[in-house]
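Asker: This is what each chain is made of:
2 protein chains.
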Amino acid sequence: MNKKRLQLGMIGCGVVGTAVANLVSDSTLNSFNEIVDLKSILVKNPTKERTNLLMTQNFVSDINKIVEDDEITIVIELMGGENPAFDYISRCLKSGKHVITANKEVISKKGSELVSIAKHAGRELKYEASVGGGIPILSSLSNDFSANPIQGIRAIINGTTNYILTRMDNEESSFEDVLKDAQNLGYAESDPSDDIEGTDAVYKLSILTRLAFDVAPTTSDIHKEGINGIKQKEFRYSRELGFTIKLIASAQKRSDKLLLRVHPALIPKEIPMANVNGAFNMVEIDGGLTGPLWFQGAGAGPNPTASAVLSDLMSILEGRNRIDQTIVNNHTELLQLAPMDDYRCRYYLRVTVNDKAGVLAAIATILGERDISILSVLQKDTDSKLKHADLVIMTHESKEKNMKAAVSEIKALLDVINLDSLLRVEEYS
Amino acid sequence: MNKKRLQLGMIGCGVVGTAVANLVSDSTLNSFNEIVDLKSILVKNPTKERTNLLMTQNFVSDINKIVEDDEITIVIELMGGENPAFDYISRCLKSGKHVITANKEVISKKGSELVSIAKHAGRELKYEASVGGGIPILSSLSNDFSANPIQGIRAIINGTTNYILTRMDNEESSFEDVLKDAQNLGYAESDPSDDIEGTDAVYKLSILTRLAFDVAPTTSDIHKEGINGIKQKEFRYSRELGFTIKLIASAQKRSDKLLLRVHPALIPKEIPMANVNGAFNMVEIDGGLTGPLWFQGAGAGPNPTASAVLSDLMSILEGRNRIDQTIVNNHTELLQLAPMDDYRCRYYLRVTVNDKAGVLAAIATILGERDISILSVLQKDTDSKLKHADLVIMTHESKEKNMKAAVSEIKALLDVINLDSLLRVEEYS
Numbered sequence: 010m011n012k013k014r015l016q017l018g019m020i021g022c023g024v025v026g027t028a029v030a031n032l033v034s035d036s037t038l039n040s041f042n043e044i045v046d047l048k049s050i051l052v053k054n055p056t057k058e059r060t061n062l063l064m065t066q067n068f069v070s071d072i073n074k075i076v077e078d079d080e081i082t083i084v085i086e087l088m089g090g091e092n093p094a095f096d097y098i099s100r101c102l103k104s105g106k107h108v109i110t111a112n113k114e115v116i117s118k119k120g121s122e123l124v125s126i127a128k129h130a131g132r133e134l135k136y137e138a139s140v141g142g143g144i145p146i147l148s149s150l151s152n153d154f155s156a157n158p159i160q161g162i163r164a165i166i167n168g169t170t171n172y173i174l175t176r177m178d179n180e181e182s183s184f185e186d187v188l189k190d191a192q193n194l195g196y197a198e199s200d201p202s203d204d205i206e207g208t209d210a211v212y213k214l215s216i217l218t219r220l221a222f223d224v225a226p227t228t229s230d231i232h233k234e235g236i237n238g239i240k241q242k243e244f245r246y247s248r249e250l251g252f253t254i255k256l257i258a259s260a261q262k263r264s265d266k267l268l269l270r271v272h273p274a275l276i277p278k279e280i281p282m283a284n285v286n287g288a289f290n291m292v293e294i295d296g297g298l299t300g301p302l303w304f305q306g307a308g309a310g311p312n313p314t315a316s317a318v319l320s321d322l323m324s325i326l327e328g329r330n331r332i333d334q335t336i337v338n339n340h341t342e343l344l345q346l347a348p349m350d351d352y353r354c355r356y357y358l359r360v361t362v363n364d365k366a367g368v369l370a371a372i373a374t375i376l377g378e379r380d381i382s383i384l385s386v387l388q389k390d391t392d393s394k395l396k397h398a399d400l401v402i403m404t405h406e407s408k409e410k411n412m413k414a415a416v417s418e419i420k421a422l423l424d425v426i427n428l429d430s431l432l433r434v435e436e437y438s
Numbered sequence: 010m011n012k013k014r015l016q017l018g019m020i021g022c023g024v025v026g027t028a029v030a031n032l033v034s035d036s037t038l039n040s041f042n043e044i045v046d047l048k049s050i051l052v053k054n055p056t057k058e059r060t061n062l063l064m065t066q067n068f069v070s071d072i073n074k075i076v077e078d079d080e081i082t083i084v085i086e087l088m089g090g091e092n093p094a095f096d097y098i099s100r101c102l103k104s105g106k107h108v109i110t111a112n113k114e115v116i117s118k119k120g121s122e123l124v125s126i127a128k129h130a131g132r133e134l135k136y137e138a139s140v141g142g143g144i145p146i147l148s149s150l151s152n153d154f155s156a157n158p159i160q161g162i163r164a165i166i167n168g169t170t171n172y173i174l175t176r177m178d179n180e181e182s183s184f185e186d187v188l189k190d191a192q193n194l195g196y197a198e199s200d201p202s203d204d205i206e207g208t209d210a211v212y213k214l215s216i217l218t219r220l221a222f223d224v225a226p227t228t229s230d231i232h233k234e235g236i237n238g239i240k241q242k243e244f245r246y247s248r249e250l251g252f253t254i255k256l257i258a259s260a261q262k263r264s265d266k267l268l269l270r271v272h273p274a275l276i277p278k279e280i281p282m283a284n285v286n287g288a289f290n291m292v293e294i295d296g297g298l299t300g301p302l303w304f305q306g307a308g309a310g311p312n313p314t315a316s317a318v319l320s321d322l323m324s325i326l327e328g329r330n331r332i333d334q335t336i337v338n339n340h341t342e343l344l345q346l347a348p349m350d351d352y353r354c355r356y357y358l359r360v361t362v363n364d365k366a367g368v369l370a371a372i373a374t375i376l377g378e379r380d381i382s383i384l385s386v387l388q389k390d391t392d393s394k395l396k397h398a399d400l401v402i403m404t405h406e407s408k409e410k411n412m413k414a415a416v417s418e419i420k421a422l423l424d425v426i427n428l429d430s431l432l433r434v435e436e437y438s
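Protein chains in written order, with the working numbering: chain U, 10 to 438; chain G, 10 to 438.
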């Protein structure tokens, strides 16, 4: 037990940084304050008053005040974004400091490079807080599946979209109205595009994928669809069919290939993931030996994120090796990435059509020619004035490539007014 | 990276031992076989043919062949039970070997003593597989909640009873019939008493409690009720009231006291734990900072258990300190144990009564005198021949001590034929 006090540096002091600063100094909660001091915090404006801090802190505005301070041995990066975070983290590692970060974007885009810099410098780079908030999912993936040939990961890893989808399913509100409300309540940012377009989930999935499969996908390797096109009607019809809608991030192994995808999907109501509501996250890992394991909890928020940062801090203090440092591994094969065209699932298709004979036959013919068989058809919301109707079609399991081709032919049909929605059904075996 | 091959010993070779032996030698799944050899396995009958093993193994029948073999540096104990496992584990630790065990009974009863022997010997004692099968719950509790003032643990940690309760809720079968079937299918042992009486759950709860709260309860410190008295009727009535029944193990902090209990409880249908079915386990940890986290997966079975054993093996190989070796802790207060009499919850009470006026009034009077108010009463299954009826009473939140006193007075009422059931409602805030 080394009682020498360690000096920490911190980059950024928003809500998570404030929580971390307060937690390492609050001796009623834990004993960090017996061995560490938070020496310097890098912020844009060091003179700004920060009333939420329990203790006075030393703010600096120049990164060199941290990089060149040899007393500081561990730096916590909480500024977010790719740049200048990448530069700051690299320089801290190269100057001999361990780094803890909650920054999913920089770990997703530059993770392999940063890991290699850390290894070269003989320092640790830890990023538990970058995925799943307080859920210790990276620690588990890195440490607890050593003998498992991991088969797949499937997750709800974006709290903002899950909050919006849950409310759309529970209320009769539109995407736009719920988003506005989520922004007012602080569940969505003023520029929500990273969340609702699926980018945030792509970052997190790429981090999980690297740890689980030793494959480092770029963000463009991951099929991405957001939730911004989703209509209220889809929830109503899905519910009738026994489903809810979630934004799913998945990395699944099929023989020697790995398929990576982020998109909204219909989830059967009886599956645990269908009942993960509000801002909660859930990560499902099929370990091969363990069978499926589910980890659920708050995926964001200052305290859960700070908890993950501090568990990384503790692992450094205790000299535990965790992420990215294994001597036994379960990556016995080099996995290729599969194209989304190879994916197979059932599909939910909604088209607005002219309500007259022969339209369904024409659609069914196109699907049949592409080897897509229909499981059920509901005709809904017939508009007797416009003579329009909704056709809600569920297919049997079909190939993505075929469905894409069929869909463009269906769109071109004279009596098809609009192809409103094409959603995948998430398959559980 | 140390490439010197390590020699393992193993004690016991049942289904889990066979899985472990096969997994460390199967290079298609992981790379353990590049650095470890399984040198000797202690069994009662070394000449017995074991056709399930992938490789020929060296069986011994004398523990000294393992204890005194200086080449063996890590021993995996899979024999179960308190004795002679305690003696074998102690001797292995004292002779300088690391020990991995899946034995919940010996860790529950002798954990503190074994931890102290291990520390004294400078060796590691690991027991991830003793709770929750393939769910990495001990690793998470030990490593990932460092800054959290843990508030409570609540779990379904016995697969056998959860399997039985799930089937009783889904079918119209009696406890006895489902148990018999579970035994035939291998979900329950021929002597199922440890599982159905709650003893197994008590062992596991005591292990979780020691890691989460730094309190080492004896088994008699934990209030224990099994599921053997539960009638089919309770599932029918609970369902009508919006509940299912699960065997819950709980350690909850209230101010500076810790209440430990294992008993069947009514769970509101909309709570995640209500939907954990069959042989699955779920552990809920309220971390204080993280908020509630749920870990769900297969709680038993050869492969999940072997996965936990091998994650312990990997942590020793990588020199990670985990369980029982922390320099920062979240145990800022010494917790006293609270008596079960202090517990407060809603109660479900079913009594068979003579179907005549005044009986309910008499029962209500007794409850009222004990400060127990009634939330609802259902009169059910009136038997017009015998003039009997079931009264199903739900109370508001009340004190255990008061309910115990009321119950014995109710039993003594002339028109009360039987007090069939008294169940607690699990409270979620």
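These are computed hints drawn from the structure, not numbers from a lab.
Careful: at least some of the hints might be erroneous.
If chains are identical, the list can't say which one is meant, so a pair holds when it fits in one copy or spans any two.
[Unchecked claim] Taking lysine to any residue and the SDA-like style, the derived pairs with C-alpha atoms no more than 20 Å apart in a straight line are:
{"no.": "1", "residue 1": "K74", "residue 2": "L428"}
{"no.": "2", "residue 1": "K266", "residue 2": "G310"}
{"no.": "3", "residue 1": "K365", "residue 2": "V434"}
{"no.": "4", "residue 1": "K128", "residue 2": "K242"}
{"no.": "5", "residue 1": "K128", "residue 2": "E327"}
{"no.": "6", "residue 1": "K118", "residue 2": "I375"}
{"no.": "7", "residue 1": "K266", "residue 2": "L38"}
{"no.": "8", "residue 1": "K240", "residue 2": "E180"}
{"no.": "9", "residue 1": "K103", "residue 2": "V386"}
{"no.": "10", "residue 1": "K128", "residue 2": "G328"}
Asker: For K118 and I375, with the copy left unspecified, which applies at a CA distance of at most 20 Å: within, between, both, or neither?
Answerer: Neither: 41 Å inside a copy, 68 Å across copies.
Asker: Indicate which option fits the pair K365, V434 if close means a Cα-Cα distance not exceeding 20 Å: within, between, both or neither.
Answerer: Result: close neither inside a copy nor across copies, 28 Å intra and 56 Å inter.
Asker: Within, between, both or neither: how does the pair K128, K242 come out at a Cα-Cα threshold of 20 Å?
Answerer: For K128 and K242, the Cα distance exceeds 20 Å both inside one copy (51 Å) and across copies (62 Å).
Asker: When Cα atoms must be at most 20 Å apart, do K103 and V386 count as within-copy, between-copy, both, or neither?
Answerer: neither (61 Å within a copy, 70 Å between copies)
Asker: Checking an output row: K74 and L428, CA cutoff 20 Å. Within, between, both or neither?
Answerer: neither (57 Å within a copy, 73 Å between copies)
Asker: Treating 20 Å as the Cα threshold, decide for K128 and E327: within, between, both or neither.
Answerer: both (18 Å within a copy, 16 Å between copies)
Asker: Can you give me the call for K266 and L38, within, between, both or neither, at a CA distance of at most 20 Å?
Answerer: between (46 Å within a copy, 16 Å between copies)
Asker: Quick one: K240 to E180, C-alpha cut-off 20 Å, is that within a copy, between copies, both, or neither?
Answerer: within (12 Å within a copy, 39 Å between copies)
Asker: Check K266 against G310 for me: Cα-Cα at most 20 Å, and say if that holds within a copy, between copies, both or neither.
Answerer: neither (35 Å within a copy, 28 Å between copies)
Asker: Checking K128 and G328: alpha-carbon separation at most 20 Å within a copy, between copies, both or neither?
Answerer: both (15 Å within a copy, 17 Å between copies)
The earlier numbered hints that this structure contradicts are 1, 2, 3, 4, 6 and 9.
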